[in-house]
Structures are given as structure tokens and as C-alpha cells.
Amino acid sequence: MFDIEKDLDPFADDTDMMQHDEHTESEREWTRMAEQFTNAGYREGITAGKESALQNSFDEGFAETGAPLGRQLGYLRGLVNGVLAYLESTHYPTSSTPEENNVSLVNDTLGISEQLSRMQFATLVPLDEEAFKHAREHGDVRDYSEEAERRRNVALELDQSRQRLKVILEKLGLGYLDFAEPTVV
2 MFDIEKDLDP
12 FADDTDMMQH
22 DEHTESEREW
32 TRMAEQFTNA
42 GYREGITAGK
52 ESALQNSFDE
62 GFAETGAPLG
72 RQLGYLRGLV
82 NGVLAYLEST
92 HYPTSSTPEE
102 NNVSLVNDTL
112 GISEQLSRMQ
122 FATLVPLDEE
132 AFKHAREHGD
142 VRDYSEEAER
152 RRNVALELDQ
162 SRQRLKVILE
172 KLGLGYLDFA
182 EPTVV
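Using the working numbering, the first residue of the sequence shown is number 2, and each one after it goes up by one.
Hints are computed from structural coordinates only; laboratory data are not their basis.
The following label-pair restraints were derived from C-beta to C-beta distances:
1. Ser53 - Arg137: 21 to 31 Å
2. Phe122 - Ser90: 29 to 39 Å
3. Gln161 - Glu138: 28 to 38 Å
4. Ala86 - Phe59: 32 to 42 Å
5. Phe122 - Gln161: 13 to 23 Å
6. Glu138 - Ile47: 17 to 27 Å
7. Ser58 - Glu138: 11 to 21 Å
8. Ile47 - Leu85: 49 to 59 Å
9. Arg72 - Ala41: 39 to 49 Å
10. Gly176 - Ala86: 13 to 23 Å
Glycine included, C-beta positions come from ideal geometry on N, C-alpha and C.
Work the whole structure out from these sequences, hints included.
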């Protein structure tokens, strides 16, 4: 209610007015804090959801592609290095093996080793067609055909290395040590 004496008197008690201002200020502060917590919770929820989805995708990719492919490439590299160590050891060449044949086998094995060491895991992994389709749906106009071709070429190189290694092992009388073939595009 309007009180002329109180409202016009500059020395009147402002306790009621101050209490009203403090109440309004505390409501504004409470609203601001509630909005901050809501926004922070929303952001944390989105982050947790993304991390969960990323972790699941990583686990799936690692189990289905990464670990088997990495293990198989590592196996080939190790096998080639073992053959090189054998060829360069004092136990080889045998008296029945001509020296020039030994040099040829060492050179072939070194060539395979160099070829395998240049291969990068990222180029052996098949392209994620689903991801590229999704990117195209959202305006990505990049052409991935060159990358797909490059990966096919790397896969062919890997297969050629495997076949050349098989021939070397057969020449040494070791036979081809069987292992699961990498799944490469």
C-alpha cells in the first residue's frame, strides 16, 4: 500500500524495500544457478553418451578388425625376420645349397621385410562404407575412391608378400606355416 509520509520521507525506514530487493535478488541468483546446473548436466550427459558410443565402437572395431589384422601383420613381420635370422646364421647355407641361391633368398626376404615395414595399419583397415555414406548424407562431397584404390593396392602388396614368403619357406623345406589370413578389402 502507498504511504505518502513513508514514501516521500527520505529518512524513513527502508527495511521493507530492502527485504523485497533481497528476495528478488536471491530468486534471480537461484534461477541463474539452476540454469547453470541444468546446462552443465545436459552437457555432461551428452559427453557421457558420446563417450559410451565411442567406447562401444572402439571395442567392436578393435575386436573385429584391429587386433586380428595387427596380430597377423605382426606375425608376418616376425616370420620374415625369423627367416632372415636363419638365412644369416652359421647353420645356413648347407652344403647342398649353392651360395648364389642363399644370396637370392636373403635378398628376396629382405625385400619382403622392407615391403611389410612400409605397410601402415591404417591403410590395411577396410574403409568404413557406412561412415562415408553418413558423411555424404550430411553434405560431404569428398571422393573416397582414390583412398579405396590405395587400400586395395596395399592389400595386393600384402598378399604378394605372403605368397613370396610361402615360396621362400618351401625352398628352405620349412613349408608354409599356416595362419589366419587378414581380412583386407
